[in-house]
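Protein chains in written order, with our numbering: chain A, 1 to 96; chain B, 1 to 157; chain C, 1 to 115; chain D, 1 to 801; chain E, 1 to 127; chain F, 1 to 515; chain G, 1 to 153.
Each computed BS3-like pair below joins lysine-lysine, with the alpha-carbon atoms no more than 25 Å apart:
hint, chain 1, residue 1, chain 2, residue 2
1, B, K141, E, K106
2, B, K65, B, K145
3, D, K99, D, K150
4, B, K145, E, K106
5, D, K439, D, K150
Now the stretches of chain D that chain C is said to cover, found in silico as 3 or more residues with beta-carbon under 8 Å:
hint, stretch
6, 610-616
7, 625-639
8, 752-761
Residues from chain D shown here face chain A by an in silico Cβ test under 10 Å; the list is partial:
hint, residue
9, R597
10, F598
11, Y599
12, V603
13, G622
14, P644
15, L648
16, L663
Just so you know, these hints were derived from the structure itself, not from any lab.
Note that the Cβ used here is the ideal one computed from N, Cα and C, for glycine as well.
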Amino acid sequence: MNLSDGVFDVFVVNFLYLMLMAALLLAFVRLAVGPSMPDRVVALDLIANLVVATTALYAITTNQQVLLDVAIGIALITFLGTVAFAQYIERRARDD
Amino acid sequence: MNPFLLNILLALAWEAMNGEFTFENFAVGFALGFVILFFAQRVTGETVYARRVWRVLGLLVFFVKELIIANVRVAYDVLTPGYQMRPGVLAVPLDAETDEEIMLLASLTSLTPGTLNLDVSADRRTLYIHAMYADDPAAVKRSIKEGFERRVLGVLR
Amino acid sequence: MIVVLAFVIGGLYAAGLYMMLRRSITKLIIGLGLLSHAANLLLFTAGGLVRARPPLIPDNSETIQPPFADPVPQALVLTAIVISFGVTAFALALIHRANRVIGTDDMDQMKATDV
Amino acid sequence: MTTGILSIFALAFLAPVICRFARGHTGWLLALLPATLTIYFATRIGLVAHGERITERLAWVPSLGVELTFYLDGLSLLFALLICGIGALVLIYAGAYLKGREQLGRFYLYLLLFMGAMLGLVLAGNLLLLFVFWELTSISSFLLIGFEHKKAEARRAALQALLITGGGGLALLAGLVLLGQISGGYDVPELLAGGDAVRASTLYLPALLLVLAGAFTKSAQFPFHFWLPGAMQAPTPVSAYLHSATMVKAGVYLLARLASVLGGTDEWFYIVTSVGAATMVAGGVLAFFQTDLKLILAYSTVSALGTLVMLEGLSTDHAARAMVVFLFAHALYKGALFMVAGAIDHETGTRDVTRLGGLRRVMPVTAVAAVIAGVSLAGFGPVFSFIGKELLNEAVLLAEGTARGVLVPFTILGSALFVAVACAAALRPFFGELKETPKGAHEAPAAMWLGPVILAALGLVVGLAPALVAGSLVAPAVASVLGRSEPVELALWHGFNAALLMSVIAAVAGALLFRFRERLRGGTAWSRNLFAFPARGYELSLTWLHRAAAMATRVLQSGYLRSYLTIIVLTTVGLVGYTLLTRAYTPLNFAAAREVRFYEVGVAALILLAALVAVRSRTRLGAVASLGVVGYCVALIFILFGAPDLALTQFLIETLTVILLVLVLHRLPPLALIARAPARARDLVVALLFGGTMTALVLVAWGVPFQQQASNFYAERSYTEAHGRNIVNVILVDFRGLDTLGEITVLSVAAIGVYALLKLRPPEAKRGAAVVNDLSARRRESSPDGELAEVVARAPEGEVS
Amino acid sequence: MIEVVAHWREWLVLGLLSAGALFLLLAAVGVFRLPDVYTRMQAATKAATLGAGCTLLAVAVYFDDFGVTVRALLVVAFIFLTAPVAAHMIGRAAYIIGVPFWHGTKLDEMAAREGDSRRAASDEGKR
Amino acid sequence: MKLLPVLPVLIPLLTAALALLQWRHRVAQRRLSVAGAIALFVAAVWLFAVVQREGVQVVQSGGWQAPFGISFVADTFSSLMVLFAATTNLCVVIYSLTSIDARREAFGYHLLLHVMLMGVCGAFLTGDIFNLYVWFELMLMASFVLLALGGERRQMEGAIKYVTINLVSSALFLAAVGLLYAATGTLNMADLALKAQHVNPAGMRTVIALLFFVAFGVKAALFPLYFWLPASYHTPPVVISAIFAGLLTKVGVYSLARVFTLIFRNDAGYMQPLLLWVAALTMIAGGLGAIVQRDLRRMLSFLIISHIGVAAMGLGIFTERAFAGMIFYLIEDIVVLTNLFLIAGGVRLLCGTYDLTQTGGIYRRHPSFGFLFLIPALSLSGIPPFSGFFAKLALIQAGLEAGRYAVVGVSLAVSLLTLYAMARVWMLAFWREQPATTPTNLAAPLATLAAPLTTPIPTISPRRARRALIPIAALSALTIALGLGAEFVFRQSLIAAGVLAEPRLYVEAVLGGER
Amino acid sequence: MSIILRTATRYLMPLLLLFSVFLLLRGHNKPGGGFIGGLVAAAAFSLYAVAYSVGEARALVRLRPQTLIGVGLLVALTSGVVPLFAGRSFLTGMWGGARLPVVGEIYLGTPVFFDIGVYLVVIGISLMDVFTLAEETAETADVPEPRAGGETG
Ligand code: NA
Ligand code: NA
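If we strip away everything but chain A, and leave its shape as in the complex, we get (with noise of 0.2 Å):
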């Protein structure tokens, strides 16, 4: 299978990626705006998954299976990242 055979046409190909960008750009946009703190650890798990997506994606359009494991390092990560950040802002408002 390869990227431009049969279904996989570049022009579908490139309306996922570009709904994977618009995503990423709302995604980020939230992230700038905020306006709490858990709404851009919020916005950063989402752009992290769209990541996860979009590398995904690629691995797909591009026939590496090695980004498989990217996707997942990047997915487990994640979870790390997200839940620390979410215990950090519970325990700053404990300080406080």
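Starting from the structure of chain A, add chains B, C, D, E, F and G with the ligands where the hints point.
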């Protein structure tokens, strides 16, 4: 979960990761799992009963159904101007007792659109959830208790 | 793409430096982070850019046919990334300690050792 | 010769030990060595007088041209004799003079070091070796002048001497190296043989000027004369040594040594003669206005040095002869006079000539020596110095046209001042009525009058029988100066001639000056100030130097990290940007930019956007999260361009970094917008310049053709030889494993740093107190520098002017 | 039709990818425009998890390698396991620091629980 | 020899790794530290001897032929630098035994010191430009930690500036490496020496050279890139300042010399005026800074800068003899500046302060300590017969030969400033009596030298006290020996400079050697 | 503290550790290696520290980070030195004939051990950074974190 079982699971997971189901691979995975469990001993403090496969499947089917139905609802709200939602934070009394039961239930409620688990009370008897469509709180609670909780307990007990 | 990346690199350098020129040590550390991203990207582009051909030898072959991404800059960038992690961690500890000892995050209050 | 010099240094370092055991006899004991050396050199007189040159060579640093070469000819022999002879006497004298003082061992150490250095200097047969000893004399005299180290004046004088002679020394070094380069080596005999080539060289003038700078500072020539009286802070034996035989004559020696190489040109003549003449008069005037015995002698020494230098400038046979005789005579009488002055000070407790009188009654032996030496100073009577004076007058009279017109009156004025000074310093204290002094005066111990008596007697004997030295010492020395041998005949009486007339005029004028000295001292303060300006200049320039240095340092080392960064970045931008534009400009090929995928641009744009948001963010978390997004997008770039390992690493590390950032930043104060708009605009410009430069660099570098030799090698060997398919990993653990080894060590150290910074607590200090201390410290730092204030503010007027 | 059958895997992959992208976009729109952090999380948790899961499933289907498929499925499971946990942590944190609810939120049964003093309303906390 | 050239890196690493395993055993760490320092010294002597006997030593690490692996190259220059680094290190380690406080020892002081040495030796020996970056980072990281170790306020303020500026320079260094690779496709310095000459446009190579110039210039503390140094060097315990003073900036100059003679030798014409200007300004700025300082260590810090300027002048003159002079000067600076900082520690102990307005009285009570000061002080001022004079002489000869009169003049003027600064120290701390207001330790025996810095009243056995004086005396003796034996040193410097002037020797040894 | 997080962590952590070893050993042939593996392992322990506490995480690791680092450095160093005894250059790869029956086609060789050294060091340093900073910044929290016995002293 029984440590031995967990060890076997880890060995299988190892094989899966390597994509090669052979005896030697299993042996190495088992040994690795043993070492890891040795270092992570505290992790495996409890024992869990074996599961019934069909209940798991039933839970899965129910979960996917809920997932899709509710996602559409949220999507509609997200994509159309204005909001139809009536959010609220609900306290759902829990029958689930063990850590695993509570976690599974909480996760499943969170994954289905419309409800999001916020916290478990300190006495572990109440689940607090954020519901997007809380026009009828009692109905939401009931659907959780009778939809997910029953099935989860069925799987885990 | 290298043209685009060149501007990204320049932008990161500029942003990093601008942050480092602020008075707050918090911004200083963010600036350092941006700067190291810039340097890493620059190093990454050094071997030229090749799309989707990682330097991995296929399972059924003893070598890899060009074109493939230059592995050398990748190894260098990996080293640089990891080093900058160590450095960032240290810098964080440093500004934390500095803030506790000096009682401010204003760089302008930290001139006692010069003057 | 070599052994002799080295043995003095050896003895110097033994001196403190000897001093501990020999106690009061140390002086006598130590004098044995220079005395022996005097005898040794005396035995060479015959050889040298027959025109032999004794050279001893040892290798030291031949690749730099520094050799342990010693060279004995007429000039160096004369100096060696004076140094060792007077040195022995001074050691004996010092033993008595300094009896019971503390740190005597150190004193002998310095004195012997000084003696060794001076002996080495005059015997050095290698220009650089000469310089080595030259600097050693500066250092040892620094230590000697500051011997009374608890007194601020002593320290100040020592510093002054060190800076002036040290500065001159540096010029000399440059001059000597230039000379060496002109003549192709640093060997003195070879250099002496090649004077013509030197004078013909284009580098002659700079070399000459540099050498002269060294010589003039060392020999206290105007306008560098002022450090010498300051050196009076040294104990009297040192003064004696400094002024008679040695240190100050090092410059005179150097000029004499190099006269046959550098001399004889117009440049030499005008510079050397005029500086010498000016110094002669200035020294005389200044001496005339002093009342402190040591200062009078010190300034008269300046005057004498000026005379010598003036003679060297003339570069004639007569002048050379006059110079050698004058130098010899001066060494004898000035040494005697300083020892006498020391004896007076020692016995009476004062050196103020206005408070002294009639001492001949209580100090008869000293008085005899003083009178003979005083007569010598005045340049009269049957003393060697008179011959010198006559030769001087002759030499001046024989000078060419205009020079003569200037030099004759100058010389007469100088001589007259000598006469007045001699009356004031050597004769006046011993005649007239005995005056009340702080200590009840009586004769000095033998060790203290022995030196003056011997020296004065020598002056008398040689004056009466000049033939004793004419052929044996003076003629060879003159030959060295001239670079060819020239017969020398000396006689006390030359008959009535113009030279004698000059002496007579000078004597009469001198007597008048002495007669009306009080009135003159009161009325002509201007003339004192006339020659004081160099000393002021020294102090002012030191002050200005400090001010300028303080200002420059304050401006550069401002304490603001951002100003440091700005300077560094602007330097980079300036250098790189300028060179890029002028030397590496290549028209950019934007055609290739067209084959860009839109999602790549999207990721790139997001990086920039996130960076912008990080910069603009008002909240810590917003900035951190944006930084995280930059990192994630960089990871995406890695994914897009075939670097999965990098992407994974980047993502893992970015997340860990964000966690750590959040942990720490939360403890820091919230972000605030502190900087004003102009500052922000300025920083923005700097940042954009920097970013623009880096962009340009990448674009240009991209156009440079590139060979993938290394990556092809890795691709071929990675699996077959290193058994790995992931080339990046194979590079990390095998091909370039050393990088990784270093890298994990970096990480280890960084982690230890984190641990140590956070876990190792300084002993709890109260923060408030620390701040207060700090503020007061800063305030103190802005006040004028301590020692400088001491140097500048407390300069007692009378001493330097 | 035959083509579709012959290329069922491609079509399945395409379908999964499209669904994934769609859900992710949905999540992003939700996060972008829903009115408070709790509702945004509702969108992010479900739709994003589903979207990421779909794309990874697409990978599992697409590559003809057992190891890849198993790993892809494992990571889908992982995501489904972790996403709600993460959401729970964020939501709880938001609630504790007092991030305000959308004005349309009528009910807060959690406010009645004991030890609610933890809900501290600090300005910095809201950012 | 497959091992010897990497030994100076491996020994400190082994020492540090073992010390890590002994984290909680202070005594064991001290023993390890001394053993490691001795072993490093022995290895350095051995390496130097082998290089002497057999010429340039090359190890292709990993056994991969150059330019594909990382080459370690010990020529005379690098082995000399390693030798003196190891010597200084040994002295500093011994001094630390009695001067560093238990708190710092418990938090890895010893192993940090060894890791720093590892970085320094690695930087001297590596023949690979990126590997050089790694060693630089290692050296910097260790120095960051050493600088901040203890966490006092001044340390923090100094460290922030030091760290930030050095990180910026590292980023530039990295960028320069990247661009160099982009232009040539290789990282091996010998290979670069060949390939960089064909870079088209050649101006691009010049630009990269300038980036390296700035990056190394910051590390070397050249004008106007030196600000981090006076802001930080006086803040940590003096023994740490001492080793910094001796080694760190020298690595910067070394690297400048390496890349400019090897890779960018064809840009010399363009770079030379720049280098000479920078050298002159560095000398002046350092010298002026030094004379206005009240804090002894800050004064010494400025003197470091000023003398780096002198070494840079040697590079800027760009003749073989100038290189030799520069190398001699670097060696001399290592020994002398380390020693002066150690002595400053002694001054602080005797007078209770580094503040020169408050010091005094040492000469009267402890003349021998005074003489120990005079030796390095005079050497630094270029006074014969100490080593500094010969180093300066070599540079002056080279400069005048090359017709670089102005910069030589500046260097001479600056030695006068140095002399002035040293004389001030001598007068203010040694000659004069201490101002009455300050608390003083002068009455205490010299044994106080051995006291930990933070303890005001020392109680330490004379045996340990003597041990603390050993390194100072040893370094002073070395200064004398380097002066009296200047011929040997300068011959070595000439040999080393020969390789700099004729890179073919280096290139052939690396690329043509062991396969 | 969240029961939900703790429970999830109990199951996720072993999986993460396993994955980290997988990445480590496979790194020679596919993306991964000592750095990445070490970071994932460190992430696993960090997760535990978040869910439970730093003290408990330290107890779980048992070894001091310093020791991990030290051992890691020694392992890496040793793998580089071993070839010297065979007369090879420092860090030369020496490959045993034994084919490691795990990851398809890995041969046991000194570079593998080198990577293991890297792995250990990276775990050690990441834990040291994370634990220390977490402890330090949590210091003023009203719920004091339990400290592990050996580390804080
Ligand atoms: Na860096
Ligand atoms: Na330094």
